[in-house]
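A.B. asks: Count along the sequence shown starting at 1, add 4, and that's the number in the working numbering.
Simulated from the structure, these hints should not be mistaken for lab results. Keep in mind the model is a prediction, meaning the values are calculated, not measured. Glycine included, every Cβ here is placed at the ideal spot set by N, Cα and C. There's no promise every hint is true.
[Claimed, not checked] Now the in silico label distances, taken between C-beta atoms and shown as ranges:
1. Val171 - Leu20: 14 to 24 Å
2. Gly168 - Arg191: 16 to 26 Å
3. Glu98 - Leu12: 41 to 51 Å
4. Lys184 - Ala149: 50 to 60 Å
5. Thr77 - Pro138: 50 to 60 Å
6. Ala164 - Ser113: 18 to 28 Å
[As the list claims (entries may be wrong)] In silico SDA-like cross-links for lysine to any residue, where the CA-CA straight-line distance does not exceed 25 Å:
7. Lys80 - Gly64
8. Lys80 - Ala185
9. Lys80 - Met59
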Amino acid sequence: MTFITVILLAGAMFLLAVTPGPGVLAVIARAMASGFRPATLVICGIVLGDLVFLMLAIFGLGALAAALGELFTIVKYLGAAYLIWLGIQLWRAEPVAATTTPQPGGAASGHMMTGLVITLGNPKVILFYLGFLPTFVNLQTLSTADILIIATVVSGVLGATLLGYAVAAAKAGKLIKSEKAQRAMNRAAGGTMIAVGGTLAVKG
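Based on the sequences and whatever the hints tell you, model everything.
C.D. replies: The structure is reproduced here in structure tokens:
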């Protein structure tokens, strides 16, 4: 891969990552409700899911992914149910007094699982990579170094873009002090998470 190809790939990945979608909405909801650190774990799950699909595309396993369509369907519905449950928990969460330490909002594994199921519950992501990458590189002639570069670009750009959303949302959450405003924020975040789960469930 040439330097120009890497720059073009990074630029295109940024434009795709910055576009609001289920992952972005989930990161914003978690950052506003629980803070920056839990949101970073959600981001790790999203990036991990993208890397799984990226490797499937690079190693020509698109047919295998298609054969596992029923498994992806099961993951999709389980993931949707999990996200809706999280949304209900956020909706019902009580406001945290300004003098207390913010609650972490769940285990680290739970936050990562949130991000992972958002990606793995959408098998169209692999179709995106199968159609996106060939416009920049020949998938049949990639070297090990090329694969590492692509994985680094995808994870770096996607992660950095989502972190930007997380920082902004976490700062917005910290500015909210009154119990009424916090309750409204929790319900907005919970409603967003429920909407993400619902979208995942009905998405074809």
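A.B. asks: Each hint: holds or not?
C.D. replies: Okay, the hints, checked on the actual structure:
no., hint, result
1, Val171 - Leu20: 14 to 24 Å, "20 Å, holds"
2, Gly168 - Arg191: 16 to 26 Å, "25 Å, holds"
3, Glu98 - Leu12: 41 to 51 Å, "48 Å, holds"
4, Lys184 - Ala149: 50 to 60 Å, "55 Å, holds"
5, Thr77 - Pro138: 50 to 60 Å, "26 Å, violated"
6, Ala164 - Ser113: 18 to 28 Å, "23 Å, holds"
7, Lys80 - Gly64, "23 Å, holds"
8, Lys80 - Ala185, "33 Å, violated"
9, Lys80 - Met59, "20 Å, holds"
Comparing the model with each earlier hint shows violations of hints 5 and 8; every other hint is respected.
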